[in-house]
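Trainee: Here are the chains, one letter per residue:
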Amino acid sequence: MVTVVQLATQVGSLTLRNPVLAASGTFGYGLELVDFCPPEALGGVVTKGLSPRPRAGNPTPRIVETPAGMINSIGLQNIGVEAFCTQVLPALRQRGATVVVNVFGETEEEYATVVERLEREDGVAAYELNVSCPNVGKGGMEFGHDPSSLDLLVRMLRRLTRRPLWVKLSPNAPHLLAVAEAALAAGADALTLVNTFRALAIDAKKRRPAVATGFGGLSGPAIKPLALRLVWEVHRAFPQAPLVGIGGVLTGEDAVEFLLAGACAVQVGTATFRNPAACLEVVQQLQAFCQREGVEDVRELIGGLRWR
Amino acid sequence: MVTVVQLATQVGSLTLRNPVLAASGTFGYGLELVDFCPPEALGGVVTKGLSPRPRAGNPTPRIVETPAGMINSIGLQNIGVEAFCTQVLPALRQRGATVVVNVFGETEEEYATVVERLEREDGVAAYELNVSCPNVGKGGMEFGHDPSSLDLLVRMLRRLTRRPLWVKLSPNAPHLLAVAEAALAAGADALTLVNTFRALAIDAKKRRPAVATGFGGLSGPAIKPLALRLVWEVHRAFPQAPLVGIGGVLTGEDAVEFLLAGACAVQVGTATFRNPAACLEVVQQLQAFCQREGVEDVRELIGGLRWR
Amino acid sequence: MERRSDQPVILASRQELSPSCFALELLCPGPLTATPGQFIMLGPTAGADPLLRRPFSVAGVGESPRGVLVQLLVKEVGKFTSLLRRLPIGSELSLLGPLGQGFRLLEAPPRPVLVAGGIGLPPVLFAARELSQRGIPFDLFYGAASSHELLLPQEVKRATNGLAVFCTDDGSFGEQGLVTEVLRRLWQKSYSRILACGPTPMLYAVAQLARERQVEAELSLEEPMACGVGVCLGCVVRLHDGSYVPSCQAGPVFLASQLAERW
Amino acid sequence: MERRSDQPVILASRQELSPSCFALELLCPGPLTATPGQFIMLGPTAGADPLLRRPFSVAGVGESPRGVLVQLLVKEVGKFTSLLRRLPIGSELSLLGPLGQGFRLLEAPPRPVLVAGGIGLPPVLFAARELSQRGIPFDLFYGAASSHELLLPQEVKRATNGLAVFCTDDGSFGEQGLVTEVLRRLWQKSYSRILACGPTPMLYAVAQLARERQVEAELSLEEPMACGVGVCLGCVVRLHDGSYVPSCQAGPVFLASQLAERW
Ligand SMILES: Cc1cc2nc3c(=O)[nH]c(=O)nc-3n(C[C@H](O)[C@H](O)[C@H](O)COP(=O)(O)OP(=O)(O)OC[C@H]3O[C@@H](n4cnc5c(N)ncnc54)[C@H](O)[C@@H]3O)c2cc1C
Ligand SMILES: Cc1cc2nc3c(=O)[nH]c(=O)nc-3n(C[C@H](O)[C@H](O)[C@H](O)COP(=O)(O)OP(=O)(O)OC[C@H]3O[C@@H](n4cnc5c(N)ncnc54)[C@H](O)[C@@H]3O)c2cc1C
Ligand SMILES: Cc1cc2nc3c(=O)[nH]c(=O)nc-3n(C[C@H](O)[C@H](O)[C@H](O)COP(=O)(O)O)c2cc1C
Ligand SMILES: Cc1cc2nc3c(=O)[nH]c(=O)nc-3n(C[C@H](O)[C@H](O)[C@H](O)COP(=O)(O)O)c2cc1C
Ligand code: FES
Ligand code: FES
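Protein chains in written order, with the numbering used here: chain A, 1 to 308; chain B, 1 to 308; chain C, 1 to 263; chain D, 1 to 263.
Here chain A stands alone, though its shape is the one from the complex (with noise of 0.2 Å):
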């Protein structure tokens, strides 16, 4: 007898059809890969961050291998909130795809300004924040290293939107736990876990760092025990908040841990690169595991990791 598998899940009062979403900037607005992987099909899509006005990023070389991962610093380049307000967002929605629309700021207006410009759209589910951007105003400390910065910052969106705002966290913040307290006693729906490791590689010939950069933000399978680490230690300290877990997850199994250690729903990035189809083949996986193992809700799985 084949179990049936319920595999909706809740982020917060967000319902999401299965737990796993495409990760911001690795799929990119959410329609360049429909043939491989159509977000319908999904959890939701995060698409790459949006800026108030188009960004052109760094200069390149921008990505390089690592055993198990790879380094990027793309610097953020995106068309816009208005262009994918206008030319993205209208066949996402007829899709019937759930839109999660991560934003970025230098400033804590420029955030403001993208929410409030999709305000006037229909067919945006949530709100991610990345904060692991230089805060112009606080001397370029990032606002996920900064509680009160980032206290202040969420305060501020929380008075914009009644839609779900989830804060995606950096890793490289000395106290995250301080981090995670702050952005959630602030109003954040759901804290993301987590964005790129900084990180560094170095072109032995050459003599210079493998991205124009210098450094750069470290993902893939690479940072999944890292990652993991995060999510449960944020899990612990706040058992009540929805997480979304997301580093390095490759298959269906991947997606099992993170949802053994605390989140509600799962991320795939870097995945997607060496395969189109990955965040497709991660729900498959997951629903094939709870068939296997007689896991009629994958809801029982959330924070069920069984410590020692």
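It is worth saying that the hints were derived from the structure and are not from the lab.
Don't take every hint at face value.
Claimed, not checked - Calculated pairs, BS3-like style, for lysine-lysine (alpha carbon to alpha carbon, straight line, at most 27 Å):
# : chain 1 : residue 1 : chain 2 : residue 2
1 : A       : 206       : D       : 75
2 : C       : 75        : B       : 206
3 : D       : 79        : A       : 206
4 : C       : 157       : C       : 189
5 : D       : 79        : A       : 205
6 : D       : 157       : C       : 79
To be verified - One side only, chain D facing chain C, incomplete, derived with CB under 10 Å:
#  : residue
7  : 47
8  : 50
9  : 79
10 : 82
11 : 91
Since the structure is predicted, the reported quantities are computational estimates derived from the model, not experimental observations.
Backbone N, C-alpha and C fix where the C-beta goes; we use that ideal spot for every residue, glycine too.
For this one, chain A is given, so just place chains B, C and D with the ligands on it according to the hints.
Mentor: Using the frame of chain A, we list chains B, C and D with the ligands on its own:
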């Protein structure tokens, strides 16, 4: 014409015949792998961490492979300083190996006991302090996370020995630069960067952490870009400080990358597990790299990264 | 002692044995000897995935014109074993061995009984071949979940110079029941030592039976291993005095009397 | 347009061409078409090392009874290319393609000249075959460091319906000098467009020459790629308006007039 490559390097006042050491905890006490990798052919061997008395270590399972890495939770099992002095050190001395003794304790006194015992022996080239240990006196906070505990510890040991003191830093410290500064100010001769990263792997079927203690330490190629970043950051902040780079070195080119980032020498850890001759091969590949690239003295590479 | 070495080897043959298991022959250009119960560490020659080699018991060692052939029996359980199952014949792998402490065949008292469970067969089969060759009489018990998970029944039979008893949990072949229960039922007074390899619960039951019958048992344990050569301390097992020893060096074959009750 | 797809393919043949280069044929069970200048992303079917697939230009596509054969010419420079060189024939790989925007052969004006440098040969060779088949006359310049790094000279000659000029930096075969210098020397007024692939400095020189002769150049660029399908923005090149576009989608073949001077 083949370049003759000078491989000798200097870590502070200590001269090493080449820049490649076997890392603590991955090469036993120095003699276990003589048939694959004679310790005297290396820049040095760093012993398994020694405590005043033998320790049984953690329950099993203790290890698990992760993407391009592994998590361990050995729990500092070791034979104790006395057995090392009587049963191992004489043979290492006789072979002419450069021996760096890795030392740890749960109190300052335990560190002191180990160092005092070793002061009675010839053939110890340096001490490497593993400060990723819970400080029983300070409520279990690791020595290496707290600049003031570290300051006390290093000052105390500084009074006990004229041998070089290397302090091996934990990458999990929230403020690594502050910790590095404290160690240097207290009289450390060099900093070893880095120890393992706190991490979690989950057995999805059993819904349990993959190692018995829950969290463990991540090592191997996966962490190389993170370790390189930390070495470079510390080198930029303290350009005069002798650094020993470690984290995911598999090949001679990896070693070159750490030298470029500012390390005077590198250690090879997990690589030895997949290939017991790894350290020796890294020396050979390093030499071959220098020959190919016309580097006549390996010290030319140190800190040679052209940042942007 | 056999000299351990690290050498590139060639995947020379593969034979499917069951839905989950297969036999391999590895061609070693250099010398390689091994005694039953010893193991090798096998991995890809390049690449970091998997990062670490994997331990496999030697099931047999043979000669061929092109070099030594090492036989393995492998169960597909994860990353590397599934790679081994798909790898084209002729592929290169990297082999470190022989490693560890095998069965103490030379000091074996009059009449050993051999016990294998599931993929615990390889060292037991090797021991059977060796004992037969030395003319030491023994019986052999081999259990698996069901008939199609019983590996190489003909070869097991051929290698055994006494009774070869097959058992399946579901009774689809041979005796029905766990191999340790069948062994208990058919126990002979003459059995003076048990040599066993199999899943941990089976080995616990073997140790228990040995205590009851007051014979020594030699158990081949399976702990996760990183290095295979005694330097990582990842593979330790607990002895009865509470200390931990690396099973890759002190074992993988231990006397049950040395071990803690739950090692 | 050709439909891109992701399929497992079999390494069907390998031929050594030079100390550093070799040719491969990949057998695709499913359909695959490609136009000259398009590329594929190739990787292992399992494992995380390498994690990402690698881009390779299609050198040719043929039919065989068992499926489509894709020809690649590969230079061994690192992890995956050295794996490709050692992988046993019959191994499975994973192929995503065809990808990107190739040469604009149909809109090519009267007399193109083709230029290849080093391992930039594959798309140029493919373009040559295609142009010959369509009866469009062209000349071809192909340069390499030295005679033993000149790949497939016979095939290049056969594929060319006009002049085939070979050059080597050291003069060990054909004309001596950089291919762009030789092209400049032997430039024909009739040349109405350049189609080129090779190292970046060569392409800069080609773009310069095209500006001087007031013809358009189509340049096949090589940027590091993670995804090959336009979603990572890792492979961008700069256009003359300062904007960055993904070379895997807008390229890899660009009109020189679109590009920034130092893209
Ligand atoms: C001394 C010794 C001798 C061994 N001899 C043999 C042998 O002759 N034949 C053989 O097939 N295996 C043998 N093993 C076990 C073998 O080493 C493992 O099955 C192998 O390492 C699994 O590698 P993998 O990459 O396929 O699995 P991984 O991807 O590393 O692991 C996949 C999953 O399987 C689990 N797992 C690991 N080992 C086993 C196991 N033995 N059974 C079930 N699940 C497991 C892991 O915990 C994990 O959940 C031996 C082990 C030791 C220590
Ligand atoms: C559109 C496109 C088409 C291509 N077509 C071909 C082709 O037909 N044949 C072919 O052989 N290659 C081609 N390449 C280049 C090929 O993708 C790379 O050589 C390959 O990715 C290297 O992978 P690796 O794992 O062997 O090297 P890695 O281990 O990833 O890199 C090893 C070292 O080589 C350097 N490197 C990377 N690419 C090159 C290069 N092209 N030349 C010299 N050094 C390099 C890296 O920076 C690194 O230092 C193409 C690239 C692109 C973008
Ligand atoms: C090329 C690239 C671009 C990214 N762009 C963004 C972005 O625009 N906004 C954001 O919040 N995260 C961005 N990320 C981070 C990912 O969403 C994700 O947090 C990270 O890659 C870890 O997940 P993974 O290991 O599954 O890739 C980007 C990652 C990569 C690799
Ligand atoms: C199994 C194992 C045991 C270790 N034991 C010690 C130890 O006793 N003392 C110590 O300072 N570091 C210890 N380390 C850390 C290593 O010395 C090294 O810092 C770390 O593994 C990163 O290097 P690598 O990636 O080359 O392995 C151990 C690491 C491993 C994997
Ligand atoms: S496997 Fe490393 S000590 Fe046994
Ligand atoms: S390679 Fe990813 S956008 Fe081009």
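Trainee: Now look at each hint and say whether the structure bears it out.
Mentor: For each hint, the structure was consulted:
1. In summary, the hint linking residue 206(A) to residue 75(D) is supported, as the alpha carbons are separated by about 20 Å, within the 27 Å threshold.
2. For the hint pairing residue 75(C) with residue 206(B), the CA-to-CA distance comes to about 20 Å; that is within 27 Å, so the pair holds.
3. This hinted pair checks out: residue 79(D) and residue 206(A) have alpha carbons roughly 18 Å apart, not beyond 27 Å.
4. Annotation: proposed proximity of residue 157(C) to residue 189(C) holds, straight-line Cα distance about 22 Å (limit 27 Å).
5. Straight-line distance between C-alpha atoms of residue 79(D) and residue 205(A) comes to about 16 Å, which keeps the hinted pair within the 27 Å bound.
6. For the suggested pair residue 157(D) and residue 79(C), the alpha carbons sit about 47 Å apart, so the restraint of at most 27 Å is broken.
7. The criterion of a C-beta within 10 Å of any C-beta in chain C is met by residue 47(D), whose closest approach is roughly 4 Å, and the hint holds.
8. Hint status for residue 50(D) relative to chain C: holds, with the closest Cβ pair at about 8 Å, below 10 Å.
9. The closest approach between the C-beta of residue 79(D) and any C-beta of chain C is roughly 8 Å, which is under the 10 Å cut-off, so the hint is satisfied.
10. Given the 10 Å rule on beta carbons, the hint for residue 82(D) holds: about 8 Å separates it from the nearest Cβ of chain C.
11. This hint holds: residue 91(D) has a C-beta 5 Å from the nearest C-beta of chain C, less than the 10 Å allowed.
In this structure, only the earlier hint numbered 6 is contradicted, and the remaining ones agree with it.
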